[in-house]
Structures are given as C-alpha cells and as structure tokens.
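Participant: Here's the letter readout for the chains.
2 protein chains.
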Amino acid sequence: MGTGNMDTTARKVDTVNMVEGPGAARRYHHGNLRAALIDTAVDQARAGGADAVVLRDAARRTGVSHNAAYRHFADRDDLLAEVSSRGMAELEQRMRDRLADLPADDHGRPAAARLRAVGREYVHFALAEPGLFATAFACGRPEEGAPGQGPYGVLSTVLDEMVSAGELPAERRPGADLTCWAAVHGFAVLCLQGPLQELSEQEREAQLDGLLERVARGL
Amino acid sequence: MGTGNMDTTARKVDTVNMVEGPGAARRYHHGNLRAALIDTAVDQARAGGADAVVLRDAARRTGVSHNAAYRHFADRDDLLAEVSSRGMAELEQRMRDRLADLPADDHGRPAAARLRAVGREYVHFALAEPGLFATAFACGRPEEGAPGQGPYGVLSTVLDEMVSAGELPAERRPGADLTCWAAVHGFAVLCLQGPLQELSEQEREAQLDGLLERVARGL
DNA sequence: GTGTCCATGTTGCCGGTGCCCACATCGGCG
DNA sequence: CGCCGATGTGGGCACCGGCAACATGGACAC
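These protein sequence lines are chains U and F, in that order.
Residue numbering for the first sequence follows this note's numbering, starting at 1 and increasing by one per position.
Residue numbering for the second sequence follows this note's numbering, starting at 1 and increasing by one per position.
No lab work stands behind these hints, which were simulated from the structure alone.
Ideal Cβ positions, reconstructed from N, Cα and C, are used throughout, including at glycine.
Misleading hints may appear alongside valid ones.
Footprint (simulated), chain F over chain U, 3 or more residues, beta carbon under 8 Å [stated by the list, open to error]:
{"no.": "1", "region": "175-181"}
{"no.": "2", "region": "190-200"}
Facing chain F, according to a computed beta carbon distance under 10 Å, are these residues of chain U, among others [claimed, not checked]:
{"no.": "3", "residue": "138"}
{"no.": "4", "residue": "186"}
{"no.": "5", "residue": "187"}
Sample of chain F residues lacking proximity to chain U, with all beta carbon distances greater than 12 Å (derived) [as the list claims (entries may be wrong)]:
{"no.": "6", "residue": "31"}
{"no.": "7", "residue": "32"}
{"no.": "8", "residue": "34"}
{"no.": "9", "residue": "42"}
{"no.": "10", "residue": "43"}
{"no.": "11", "residue": "47"}
{"no.": "12", "residue": "56"}
{"no.": "13", "residue": "57"}
{"no.": "14", "residue": "67"}
{"no.": "15", "residue": "97"}
{"no.": "16", "residue": "113"}
{"no.": "17", "residue": "117"}
{"no.": "18", "residue": "129"}
{"no.": "19", "residue": "157"}
Make a model of the complete structure from these sequences and hints.
Facilitator: So this is what it looks like as structure tokens:
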C-alpha cells in the first residue's frame with residue numbers, strides 16, 4: 001500500500017483525452033495515469049461534491065479500466081485525499097491572488113483591509129466551487145503540512161501583519177486566527193448546505209460584509 | 001410518492017425490538033414501521049454520519065424486509081431528511097435545556113451569559129454527537145419551518161433578549177444572529193472534520209471561550 | 001541484440017446498495 | 001361474508017468498492 005509517492009509536480013504531459021483515432025496506437029501503459037485520475041476526480045468533485053467522486057467512473061472517463069486506479073491509490077479515500085489537497089491548494093491560491101490584487105497604497109488600516117479581502121475570497125471560493133470546497137474538508141485526515149501553509153497559513157500571515165502594523169494588539173493575536181476562520185468557514189457552510197441557501201446574492205454579500213465587520217471589531 | 005405524511009408526533013408504541021420468542025405471534029404488519037425506521041436511521045447517523053444511513057440495513061435491523069421502507073419514504077433522501085429533523089430538534093432541545101439550567105440571579109450581563117451558554121452548547125452537541133450533527137445539516141432541503149424555531153430560533157431569541165436588556169444596541173441587532181451562528185457552526189465543523197481534530201479537549205474549550213468572547217465583543 | 005523482471009493495466013468476481021417490479025397478506029369496509 | 005387498498009415480501013437490475021489472477025510491455029542487465 002501507500003503507492004502514492006510519485007512526483008506530484010509531474011511533467012504536464014497531455015495524455016488525457018488522446019484522440020483515439022483508428023490509426024492512433026493506443027498505449028497499453030497510460031504514462032501518467034495517477035495525475036489523469038486526480039484531474040478527473042477533481043472534475044467529479046467540482047460537479048457533485050465528495051459523493052460524486054467515483055473510482056469506476058473516473059477510470060472510465062480517463063479511458064482506463066477500473067482497478068487500474070488501485071495501482072496508484074490504496075482506495076477511494078486515498079484518491080479523495082488527493083482531491084482534498086487540490087481543493088485546499090486552489091483555495092489558498094485564490095486567497096493569495098486576491099491579496100496580490102489589493103492596491104499597495106491603501107490608506108487607513110491596510111492590514112485590516114487585507115483581512116477582509118481574504119475572508120471574502122474564502123466565502124466566494126466556497127460559493128463558486130461548492131463541490132470542491134466541500135470535498136477539500138470532507139477528507140478525514142488532518143491535512144498534515146507545514147503550519148503557515150494552506151488557507152490557514154494565509155489568514156495567519158495577514159493577522160501577523162495586522163500586529164506588525166499596530167492594528168491589532170499583540171495580546172489579542174492568539175486565538176484570533178481561529179475566530180476568523182471559524183466565522184468565515186461557518187458562513188460558507190451555512191450558505192452551501194445549510195439554511196442560508198435561499199439568500200439572494202445581494203443579501204448574502206451584505207450579510208458577509210456585516211460578518212466581516214463584526215469579526216474584525218471583536219478581534 | 002409523498003407518503004411521508006403520517007402524524008409525526010406519533011404515539012410512542014414500543015414496537016422496536018419486540019422479543020420474538022417462539023410463541024410470540026409475529027405480525028405481518030409492523031404497525032409503526034415508519035417511526036421504527038426513523039429510530040434505526042437515527043442510530044445509524046449517530047454511529048457514522050449521513051453515509052452510514054443505509055436503507056437496507058435499517059430495514060434489516062428493524063426486522064423487516066428491504067423495500068418495506070419504500071411504503072413510508074419516497075427514497076433514501078426522504079429518510080435522511082427525517083433524520084435531519086430529529087437532529088435539529090435534539091440540538092434545539094439541548095440548547096433550551098442549557099438555557100433552563102442557567103441560574104436566574106445572574107448579575108452583570110445575564111443575557112450575554114445566556115448567549116455564551118447557547119453557543120457553547122451548540123459546539124458541545126456537535127462534538128458529542130458528530131454523526132447526528134453532520135446529518136442534521138447534510139440534508140439539502142432548506143429545512144422549511146416557522147422562523148423562530150430550531151437552533152436558529154433559540155439563538156435569535158437570546159439576541160432579542162440582549163436588546164431588551166440593553167446589552168446590545170438595537171441598530172446592531174440585524175445580522176448579529178448570522179455572525180454568532182456562523183462562528184459557532186464553523187468552529188464545530190472545523191473541530192469535527194477539519195484541521196482542529198487534534199486539539200485536546202482543554203485546548204478546544206479554551207479556544208471556544210476565546211471565540212465566544214471575541215464574537216460577543218464584536219456584536 | 002536478447003532475455004528477464006516487475007510496474008502497470010485487464011478481466012473476472014464478490015458482497016453490498018438503491019430502486020423498480022410483481023405478488024402476498026391482512027385489516028377494515030360495504 | 002367478500003372485496004379492496006394499504007402494507008410487507010421476494011426477485012431482479014445496475015452500479016459501486018475492493019480482491020485475485022492474468023496479460024502486457026518498458027527498462028535494464030548481460
């Protein structure tokens with residue numbers, strides 16, 4: 001078991017969806033199956049959440065027989081974990097992109113604005129990619145990783161910036177990350193699968209603004 | 001379809017687990033199958049979350065053939081919705097119980113203490129009954145019901161009390177419920193399936209205290 | 001060049017599930 | 001007393017996750 005140690009940053013061979021014309025010699029060995037399967041599984045997760053990640057169907061779509069997947073993943077959960085990592089990475093990237101978009105000449109309380117932007121993007125990602133977002137957290141494994149990485153790392157960094165900028169007393173820093181994360185995550189979950197589904201986009205955005213404001217005030 | 005209109009507040013006949021001794025005449029008609037199936041399904045959800053709610057197994061445990069369930073539920077989702085309602089009801093009840101436990105002679109800011117108690121119990125329930133809690137929110141249907149009912153209703157009432165008691169400016173009331181709910185729900189979810197699983201109970205409680213304090217401060 | 005080995009992919013199979021069908025049973029009604 | 005509709009039964013289908021045995025062919029030693 002534990003076959004999943006191929007180089008994750010694999011060469012981006014476009015082996016997926018090779019045109020299988022009559023003359024095209026179909027290779028017996030796929031060459032990049034693991035990565036291709038993960039791509040397909042991510043698509044499944046995007047479309048329907050964790051439950052939609054189905055090994056047999058993924059293999060079928062990838063043009064390979066079922067059971068081929070078991071050469072690269074111990075079981076379905078192993079594949080799900082990979083999808084979860086992808087989801088986390090994409091969420092983190094979007095948050096970082098959003099930060100990069102912020103104008104540098106922000107007057108007033110720039111670090112606080114960064115915190116708001118990060119929180120808003122967290123929710124926006126969850127609403128834009130509900131399936132992937134849910135799958136990212138559906139994985140039971142605690143997502144081991146260097147602290148300071150992942151979405152939590154981004155949030156943490158921004159809070160540290162607030163302390164440096166004098167916008168947050170240092171003695172209030174411990175625990176602040178968790179409060180921000182919980183509020184934003186809870187809002188996203190309640191919007192997705194909870195009782196806030198019916199909110200119009202405008203209402204949602206207004207409520208989100210209110211939430212971010214209150215959270216920042218309470219830090 | 002839509003057979004699910006039996007009186008939900010059904011008589012509590014103890015038809016489950018009847019001793020089927022050799023002399024006990026086993027009735028062809030169960031008499032209370034719907035309620036018994038829901039009970040079993042709730043047990044399944046308690047044990048393993050929404051995925052553990054399995055129609056065939058529930059029927060088996062209830063001592064009835066599969067397919068019998070389809071006389072009472074349109075499909076699995078229909079049964080899940082019922083489990084969800086049960087979970088919501090139990091959560092609400094625990095919150096109300098907790099409120100009732102509070103001493104009436106609370107000095108200082110009694111309504112704020114009630115808010116903290118409600119929030120704490122929300123998280124405690126989620127941690128004590130992770131499967132049922134998850135299933136309660138896993139149901140896609142927006143949980144139609146009179147506003148002011150359910151866990152949200154309890155929270156809402158307490159916030160109204162805070163306004164009446166002068167502990168919360170009326171202009172800050174709108175949106176406060178959502179912020180509280182999101183923070184507490186997010187904390188619970190992150191503890192259950194997220195990256196906060198590894199926290200010891202003491203750390204968790206400390207973080208929860210901090211969160212409740214910050215949220216209250218930001219209201 | 002050639003022969004071997006083993007990672008990779010294939011077919012076959014099993015138990016389990018959700019859901020549909022036709023049939024069996026029984027209680028209440030005329 | 002006889003019928004009928006509500007309730008429960010058995011069988012069947014498609015699909016899934018996971019094991020086992022077999023097939024393929026690329027890489028590497030010689």
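Participant: All hints are to be evaluated individually against the structure, with a verdict given for each.
Facilitator: We went through each hint and held it up to the structure:
1. A count of 5 residues in the region 175-181 of chain U with a Cβ less than 8 Å from any Cβ of chain F is obtained; the coverage claim is therefore met, three being the minimum.
2. Remark: the region 190-200 of chain U is confirmed as covered by chain F, as 7 of its residues place a Cβ nearer than 8 Å to a Cβ of that chain, reaching the required three.
3. A hinted interface residue such as residue 138 (chain U) counts as satisfied when its beta carbon comes closer than 10 Å to some beta carbon of chain F; here the least separation is about 7 Å, so the hint holds.
4. Checking residue 186 (chain U) against chain F by beta carbon gives a least distance of about 3 Å; that is within 10 Å, so the hint holds.
5. Because the closest C-beta pair between residue 187 (chain U) and chain F is about 4 Å apart, less than 10 Å, the hint holds.
6. The non-interface label for residue 31 (chain F) is consistent with chain U: the shortest C-beta to C-beta separation is roughly 34 Å, beyond 12 Å.
7. Every Cβ of chain U is farther than 12 Å from the Cβ of residue 32 (chain F); the closest lies at roughly 30 Å, confirming the non-interface assignment.
8. Consistency note on residue 34 (chain F): stated as away from chain U, and its beta-carbon is indeed over 12 Å from all of that chain's, at 25 Å minimum.
9. Listed as a non-interface residue, residue 42 (chain F) keeps its Cβ farther than 12 Å from every Cβ of chain U; the least gap is roughly 19 Å.
10. Separation of residue 43 (chain F) from chain U is adequate, the least Cβ-Cβ distance of about 21 Å exceeding the 12 Å criterion.
11. For residue 47 (chain F), the non-interface assignment is confirmed: its Cβ lies about 15 Å from the closest Cβ of chain U, beyond the 12 Å cut-off.
12. Listed as a non-interface residue, residue 56 (chain F) keeps its Cβ farther than 12 Å from every Cβ of chain U; the least gap is roughly 18 Å.
13. The Cβ of residue 57 (chain F) lies farther than 12 Å from every Cβ of chain U, with a closest approach of about 18 Å, so its non-interface assignment holds.
14. Separation of residue 67 (chain F) from chain U is adequate, the least Cβ-Cβ distance of about 23 Å exceeding the 12 Å criterion.
15. The claim that residue 97 (chain F) is not at the interface with chain U holds, since no C-beta of that chain comes within 12 Å of its own (minimum 22 Å).
16. With a least beta-carbon separation of about 17 Å from chain U, residue 113 (chain F) lies farther than 12 Å from that chain, consistent with its non-interface assignment.
17. Even its closest Cβ contact with chain U, about 18 Å, leaves residue 117 (chain F) beyond 12 Å, as expected for a residue assigned away from the interface.
18. Here residue 129 (chain F) stays apart from chain U, with its beta-carbon at least about 17 Å from theirs, past the 12 Å limit.
19. Non-interface status of residue 157 (chain F) relative to chain U is upheld: no Cβ of that chain comes within 12 Å, the nearest being about 16 Å off.
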